[in-house]
Amino acid sequence: MANDNATKLSKNLLRMKFMQRGLDADVKKQLEEEEKRIISDEHWYLDLPELKAKENFIIEERSFVPCEDLVYGRMSFRGFNPEVEKLMALMNKNQADQEEEEEVEDISRMETDVTDEEMARRYESLVGSMKKKFAKKRERSNIEDEDVNQSTTVTKVKKVFLKPQD
Amino acid sequence: MADCLKDKVGSVLLPGDIFSFESKEEKVICGPGLRRNGDEILVCKSGILRHKQPNMYWIDSQQKRYVPAKGESVIGIVTVKSGDVFKVDVGGSELASLSYLAFEGATKRNRPNVQVGDLVYAQFLIANKDMEPELVCMDSCGRANGMGVFGTGGLLFRVSLGLVRRLLAPQSELVKELDRAFPFEMVVGLNGRVWVKAQSTQHMLILASLLETCENMTAPQRQALFRKVAHSAP
Numbered sequence: 001m002a003n004d005n006a007t008k009l010s011k012n013l014l015r016m017k018f019m020q021r022g023l024d025a026d027v028k029k030q031l032e033e034e035e036k037r038i039i040s041d042e043h044w045y046l047d048l049p050e051l052k053a054k055e056n057f058i059i060e061e062r063s064f065v066p067c068e069d070l071v072y073g074r075m076s077f078r079g080f081n082p083e084v085e086k087l088m089a090l091m092n093k094n095q096a097d098q099e100e101e102e103e104v105e106d107i108s109r110m111e112t113d114v115t116d117e118e119m120a121r122r123y124e125s126l127v128g129s130m131k132k133k134f135a136k137k138r139e140r141s142n143i144e145d146e147d148v149n150q151s152t153t154v155t156k157v158k159k160v161f162l163k164p165q166d
Numbered sequence: 001m002a003d004c005l006k007d008k009v010g011s012v013l014l015p016g017d018i019f020s021f022e023s024k025e026e027k028v029i030c031g032p033g034l035r036r037n038g039d040e041i042l043v044c045k046s047g048i049l050r051h052k053q054p055n056m057y058w059i060d061s062q063q064k065r066y067v068p069a070k071g072e073s074v075i076g077i078v079t080v081k082s083g084d085v086f087k088v089d090v091g092g093s094e095l096a097s098l099s100y101l102a103f104e105g106a107t108k109r110n111r112p113n114v115q116v117g118d119l120v121y122a123q124f125l126i127a128n129k130d131m132e133p134e135l136v137c138m139d140s141c142g143r144a145n146g147m148g149v150f151g152t153g154g155l156l157f158r159v160s161l162g163l164v165r166r167l168l169a170p171q172s173e174l175v176k177e178l179d180r181a182f183p184f185e186m187v188v189g190l191n192g193r194v195w196v197k198a199q200s201t202q203h204m205l206i207l208a209s210l211l212e213t214c215e216n217m218t219a220p221q222r223q224a225l226f227r228k229v230a231h232s233a234p
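Protein chains in written order, with full-length UniProt numbering: chain A, 1 to 166; chain B, 1 to 234.
Okay, chain B solo, but in the shape it has when bound (with noise of 0.2 angstroms):
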């Protein structure tokens, strides 16, 4: 069945292309920008096509609208406080909405401290096209696990959400080289948003404009930048 999207893997592909299939012997799990219809399989993002064992395929495109999906965590701002729930902007289409009971150790009589203008980092719970989607900022065991508000005396940018996945990418080169650079503290959300927090501003600043800069950068190049900013940095 999967033949067709095997020999595809690898390559680039369009919006529009379809893969149908008569056999059904096994699954397919499809990823972002591959979506179901009926029995085929659409392309709906333009990249290249990626494959997991043993039957995950996705396509791995650059983009920077950020699109909620369940599960994933993110860099949210409060902006609004209306009666049980705040309204946080995650850089999707709408603004998704947080309980305030959804926080560890959160009752009716003990609210969190939250406040309009604060980052909280939660994940997903509802995520559709449909429906506004919905914060937490605890696991389903009730903890915390890192999530909720954090950011005193950081510094938030924006990067593309590909370099996010670099960030994120397990026993990921980029981060190694930042490792060496000097201590600091970073909190990537999946929607493109990162966080970070050094000793000085100097530092922060520095951290911000390399990531930026690493955006499009051979790993030769970067790793010449980074050497330069180790030598130059106190």
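Okay, chain A solo, but in the shape it has when bound (with noise of 0.2 angstroms):
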């Protein structure tokens, strides 16, 4: 009986949102789709190609400035205009940024004349002291004593108190 009404209940009253609550998951579906269906429905659109948004290979500037690095534009000379003068520092400044840059390149690929040879003889040095620095505090006593082992055994004399003489 009691099922017999819950059958009855409009569709409508179930959309509703309290009574989401009680729905099971079929009912839920169909009434979901129905009104996919609905929206569907009342969508229209024009049946078009598609637009393809083609890519611009020529970009056009109206302006010369960005062709010929044109300057800032007020000036002064010889101090008739202090704060003109340190407007144009830093307004031209960013070119002038723009040459260091290049210059500074200049002078790294002028560094990479350091050899090979010379390189590795470096690196040949350095391979220990990073050992060490990555090593553990206990490992690293470790790596001394071998050092040490290694090249100075010989040499090692204990150091005592050497009496002054008179």
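Calculated directly from the structure, the hints in this document are not laboratory data.
The following residues of chain B were derived to be distant from chain A, with all beta-carbon distances above 10 angstroms:
(1) G105
(2) Q115
(3) D118
(4) Q202
Here are the simulated lysine-lysine pairs, PhoX-like style, with alpha carbons at most 25 angstroms apart:
(5) B:K64 to B:K197
(6) B:K108 to B:K87
(7) B:K6 to B:K45
(8) B:K70 to B:K129
(9) A:K54 to B:K129
(10) B:K81 to B:K108
(11) A:K93 to B:K176
(12) B:K27 to A:K54
(13) B:K87 to B:K129
(14) B:K70 to B:K87
(15) A:K8 to A:K29
(16) A:K17 to A:K29
(17) B:K129 to B:K64
(18) B:K70 to B:K52
(19) A:K17 to A:K28
(20) A:K86 to B:K176
(21) A:K52 to B:K27
(22) B:K129 to B:K45
(23) A:K29 to A:K11
(24) B:K52 to A:K93
(25) B:K27 to B:K8
(26) B:K197 to A:K86
(27) A:K93 to B:K70
By construction, the Cβ of each residue, glycine as well, lies at the ideal position given by its N, Cα and C atoms.
Starting from two chains that each stand alone, build the complex the way the hints lay out.
What follows is the structure, encoded as structure tokens:
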């Protein structure tokens, strides 16, 4: 009897928010599908081919400023207007920076003149110290001991107090 | 793609010349004097084709008529004060508008003090062929950076756009030679207006005539002239 009553509830009522809790999964799914169908039926569109955005390989630029790297338009010479001279330095700094960067690049290119052999020699000595750096404390003391054993076993002399002569 | 353009760098081109490309592997930036038409580049000014690395091409031409372009700094004359915008004459086909809020530190209450007839150094925020150009007197951070009203006791005159570009070129010989003459201040607008101020009216007139005569002079001629001026100037 109660079951019959539940089935008689109208769809619109079932769609209401407070009714959603009591619904079982099947009914819920059915309702959702119906809703989707209604939406897609009401949604209309033009039957046109899709517009493809073509990538532009030609970019237009209407100004001379980026082309010729023109500088800031206010100038002052020989300290006539110190404020403007300050501004000039500020506004023309960006371009100067760019030039400097290029110079820096040149320098770095020149510094690559260090030969591979030199580099190898340098890294050879680095290996030991880097190993020491990443080792734990106990291991480190072992490494040091090894070093000492290798190189200075013979020359190891216990330091004692030498009495000064009169 | 840019091979056909590259071949023509340094040569004279005339309006109507067309460059078309089949392959599209790199982008090309076409500057003033060149126009894009579909996949082609049209030449629309007569002049010499210039190139800048990596892919910028433009026509180096001589002209006197200024056409506003976005981002360019110009000298304008305030001609009309109407409500919340000023109409500014920049030498283009149309008066440019300049909002009273587009000044550094300006608010609705605190209006900038701009009168009709004042000179403003401003840059274009909007400039295209279909719309009224719009000027602003500050950069994107809201700082003036030298823009705004200027020009008490100076002299304003017009030169060609080519000379203006020579004045503004980095490491310009012309500016270096002017620097040696005497102390002065100069504002150069890309619209062909130049404003100078020096210690005396005489100096300002000398500068004005120097710049006007420099227009059609070779470098040695110019140097001789500047030497003469340097000797005669007190």
